[in-house]
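Q: Next come the chains, spelled out residue by residue.
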Amino acid sequence: MSLLRRLWVSVVVAMTVVLVGAFAVSLFTARSYFEQQLTAQASDGAVSLALSMSQQSKDVATMELLVTALFDGGHYRQIRFTDPSGRVLVERIQDDTAEGVPGWLVALVPMEARPGQALVSDGWRQVGKVSVVAARSYAYRSLWRGALQLGSVMLAIGLFWAMAVSMLLRWVRRPLDEMAEQAEAIGAGQFRVIEEPRVIELQSMARALNRMSERIRALFSEQAGRIARLRDEGSHDGGTGLLNRAAFNGELRRVLSDPDVAPGGCLAVLRIADLVVLNQKLGRARTDEWLAAVAEALQDGLEAGDDVALGRLGGAEFGVLVPGMGLADGRAMLERLCSAVTALDLEVDAAHRLHLDAAAVAYRRDDTPGELMARVDSALMRAEAEGGIVAEPGGSPLPIPVPGAEGWREMLEGALARHEFTLTSYPVLTSEGGLVHREYMLRLPTAGAVLTAGQFMPAAVRVGLAAACDLEALRLGIARLGESSEPIAINVAPRSLIETDFLDGLDILLATAGTGASRIAVEVSERGLDASLAGLEALAEVLARHGAHLGIEHFGRQLAALPRLYALRLAYLKLDGSFVASLHENPGHQRLVKAIVDVAHGLEVAVYAEQVHTAEEWAAASVLGVSGMTGPEASRRLAAA
Amino acid sequence: MRQVAQQRFGQTGGEAVEAWRSALGGWRGLNEEEQLRRINEYFNRRIRFADDSVVWSQADYWATPLETIARAAGDCEDFVFAKYFTLRELGVAEDRLRMTYVRAQVGGAGSSVSQAHMVLSYYPTPDAVPLVLDNLITEIRAASARPDLVPVFSFNMQGVFVGGAARATSPVDRVSRWRELLLRMRSEGYTP
Numbered sequence: 014m015s016l017l018r019r020l021w022v023s024v025v026v027a028m029t030v031v032l033v034g035a036f037a038v039s040l041f042t043a044r045s046y047f048e049q050q051l052t053a054q055a056s057d058g059a060v061s062l063a064l065s066m067s068q069q070s071k072d073v074a075t076m077e078l079l080v081t082a083l084f085d086g087g088h089y090r091q092i093r094f095t096d097p098s099g100r101v102l103v104e105r106i107q108d109d110t111a112e113g114v115p116g117w118l119v120a121l122v123p124m125e126a127r128p129g130q131a132l133v134s135d136g137w138r139q140v141g142k143v144s145v146v147a148a149r150s151y152a153y154r155s156l157w158r159g160a161l162q163l164g165s166v167m168l169a170i171g172l173f174w175a176m177a178v179s180m181l182l183r184w185v186r187r188p189l190d191e192m193a194e195q196a197e198a199i200g201a202g203q204f205r206v207i208e209e210p211r212v213i214e215l216q217s218m219a220r221a222l223n224r225m226s227e228r229i230r231a232l233f234s235e236q237a238g239r240i241a242r243l244r245d246e247g248s249h250d251g252g253t254g255l256l257n258r259a260a261f262n263g264e265l266r267r268v269l270s271d272p273d274v275a276p277g278g279c280l281a282v283l284r285i286a287d288l289v290v291l292n293q294k295l296g297r298a299r300t301d302e303w304l305a306a307v308a309e310a311l312q313d314g315l316e317a318g319d320d321v322a323l324g325r326l327g328g329a330e331f332g333v334l335v336p337g338m339g340l341a342d343g344r345a346m347l348e349r350l351c352s353a354v355t356a357l358d359l360e361v362d363a364a365h366r367l368h369l370d371a372a373a374v375a376y377r378r379d380d381t382p383g384e385l386m387a388r389v390d391s392a393l394m395r396a397e398a399e400g401g402i403v404a405e406p407g408g409s410p411l412p413i414p415v416p417g418a419e420g421w422r423e424m425l426e427g428a429l430a431r432h433e434f435t436l437t438s439y440p441v442l443t444s445e446g447g448l449v450h451r452e453y454m455l456r457l458p459t460a461g462a463v464l465t466a467g468q469f470m471p472a473a474v475r476v477g478l479a480a481a482c483d484l485e486a487l488r489l490g491i492a493r494l495g496e497s498s499e500p501i502a503i504n505v506a507p508r509s510l511i512e513t514d515f516l517d518g519l520d521i522l523l524a525t526a527g528t529g530a531s532r533i534a535v536e537v538s539e540r541g542l543d544a545s546l547a548g549l550e551a552l553a554e555v556l557a558r559h560g561a562h563l564g565i566e567h568f569g570r571q572l573a574a575l576p577r578l579y580a581l582r583l584a585y586l587k588l589d590g591s592f593v594a595s596l597h598e599n600p601g602h603q604r605l606v607k608a609i610v611d612v613a614h615g616l617e618v619a620v621y622a623e624q625v626h627t628a629e630e631w632a633a634a635s636v637l638g639v640s641g642m643t644g645p646e647a648s649r650r651l652a653a654a
Numbered sequence: 019m020r021q022v023a024q025q026r027f028g029q030t031g032g033e034a035v036e037a038w039r040s041a042l043g044g045w046r047g048l049n050e051e052e053q054l055r056r057i058n059e060y061f062n063r064r065i066r067f068a069d070d071s072v073v074w075s076q077a078d079y080w081a082t083p084l085e086t087i088a089r090a091a092g093d094c095e096d097f098v099f100a101k102y103f104t105l106r107e108l109g110v111a112e113d114r115l116r117m118t119y120v121r122a123q124v125g126g127a128g129s130s131v132s133q134a135h136m137v138l139s140y141y142p143t144p145d146a147v148p149l150v151l152d153n154l155i156t157e158i159r160a161a162s163a164r165p166d167l168v169p170v171f172s173f174n175m176q177g178v179f180v181g182g183a184a185r186a187t188s189p190v191d192r193v194s195r196w197r198e199l200l201l202r203m204r205s206e207g208y209t210p
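In order, the protein sequence lines correspond to chains V and A.
Adding 13 to a residue's 1-based position in the first sequence gives its number in this note's numbering.
Adding 18 to a residue's 1-based position in the second sequence gives its number in this note's numbering.
Hints were generated in silico from the structure; no laboratory data involved.
Computed from a predicted structure; not experimentally measured.
Some but not every residue of chain A turned toward chain V, in silico, with C-beta under 10 Å:
| hint | residue |
| --- | --- |
| 1 | P144 |
| 2 | V147 |
| 3 | P148 |
| 4 | V168 |
| 5 | N174 |
Below, a sample of chain A positions facing chain V; criterion: calculated Cβ distance under 7 Å:
| hint | residue |
| --- | --- |
| 6 | A161 |
| 7 | P169 |
| 8 | F171 |
| 9 | S172 |
| 10 | F173 |
Calculated Cβ distances over 12 Å to all of chain V for the following chain A residues:
| hint | residue |
| --- | --- |
| 11 | R46 |
| 12 | E50 |
| 13 | N62 |
| 14 | R66 |
| 15 | A91 |
| 16 | R106 |
| 17 | G109 |
| 18 | Q133 |
| 19 | M136 |
| 20 | R204 |
Don't be surprised by glycine CBs; every beta carbon is placed ideally from N, CA and C.
Same shape as in the complex, but just chain V (with noise of 0.2 Å):
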């Protein structure tokens, strides 16, 4: 029972008994008041009876008469004329019942009318005795009138009593609601201020609660902040905001080893001819002013899209890189960005015109980097030689089948009727190199080769199926729990969570697997969830429901969503692996992560780095905090161990 409950019942309980007592006490002592006025009326009726009749002739029909003139008054029950010897000369009796009054109110509140007595002498003689008594009936009548009236105006305050009492405990009540609301709020990172009430006790503390509330608020924008500020610093270059060169190449390391990624795609590069001269001519703050616009004109061409990089290379050289584009879109693509930057008409001179180069070559996952950056120079330089753009192709023709919107729709429809995908593990250790997870993903095998995720989840996400597969991938994955007792880590589409019968299925799913349930992660990829994280929460609370945990992947570029999704009961975090290439070369990334980790383990969510290439980089992931790795050095560890 809450407390306000209680104290109304309390109060209620009070006031009964308040009213009640009351009630008791009058009527009683209206009983005690009637009872003496019967005994006063009693004795002195026979007082007077007896004193006519000590002054009238003593014969029988005199006293008769006598007595029936006092007792046809109709005040008296019984009155009885005896002689000394104790004989009854003369009797009247009537019924005493009092018409109209309850029986029970008779019988609870006995009233007792004593009879009165005098003594009836003719001279000296004594001739006898009369003894009267009141009747009660009047008396009665007029206690349950007056308990009817007293009554009903005590049951009338008493009701008053009862509503004025409700309802100030719900004017008590509505702002401790709210106070319970905005606590609740902060909880789940929304920080309100709520309005004081009016109840002097209670305001203090909703006053106490707005600076909380604040003070919290401030404090996770203040940390959210520097973190945002530390990973730019790290990653990205100071004049434009792009991605720096070190940030763009770890990008592309992940690209070309990610198995979750489009296995083949598209690198650009632009490069605005005649730097030095511009720099000679305008002067250093100008050109810096020209490249940030240029750096925006490029932002500004390019299609959003999740994996799209666009960093400075170099003082005028900015790169591009698109996975899962073909080389005919790159083309179509730099041509764009080129006509935008010179829609910019910006001029120098009538001899300088600001001038662009710009190339593009296709790439497959096998390259490497290093290759890869040699080919887009060499396409650069002969951009530069024969102007215009210049597109090339990879060393070697792309493996992904392109079948068509209807072809992917077909092919993704009959694998899932015919069970046909598969699943590959990839493995997350403690720095100490102990299993936290295998991370399992959907291979689909064909007749020409077998599919990553990355190559069909795309094409699943436009027709419609990506719930259907990652539900698929989940089915698989808790096949597998019975095989061993390694916990596992599944991949959902961001894109799944809004499609209506994805929980429903995931619900169902997770009942299959029982007390297994709490060995199941499921993993969402941060890039594509919107900011207000939409979907995870209905998420969170099937999986919280059954015992299963939920992590992020790819983390990294929304954090300041990090205190929101302490809210969804979060297990862990998987850093971006473009925060981890080459992290033990590069301070700032190593102050991120730092950061992140601090800020994780405060909200009690692990942290795990994606895409440890080498032991140098475990090593620094290691030390910063991070809780377990995944990547090559990862699969190696575990196949040595």
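Position chain A relative to chain V; hints supplied.
A: Chain A in isolation, oriented as in the chain V frame:
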């Protein structure tokens, strides 16, 4: 009882009460007629007749036996009550005694002057002509021998205590002079 009297009425009061108590001891064991005679004589000699207005500065005051004895003064009711309670204490039955309001002719048989008076009547049997204990004359005479007294109304303790004598503190009892007198007596420590 004596201390109460001494406190309220001084040394003589205390002594008077003491004397009454010791006299009372002497009357025990005598036959009723003798007791009546002795008591009537005792009070008629010892107590001086005086109006309530003189003794108690009240128009009409029912004094307790203790008060009457200690003060050695009282009007007709005070004589009657003192005699009544003393007789009751000696064991005379309740229904033999009655307080009787009478109209008394004063100033001889031919006088037309009369006054309200009270005497104590003693009925040896219910039908008998009572003996009259009067403070006006020392001698006890049969009612028939008292042509100067015309009885008007009589009462005794019976009617007063009918139904619930135990509940002596009911407010209605306080307005009854009888009950009030009895309560005062009880507070003085005298409960015959």
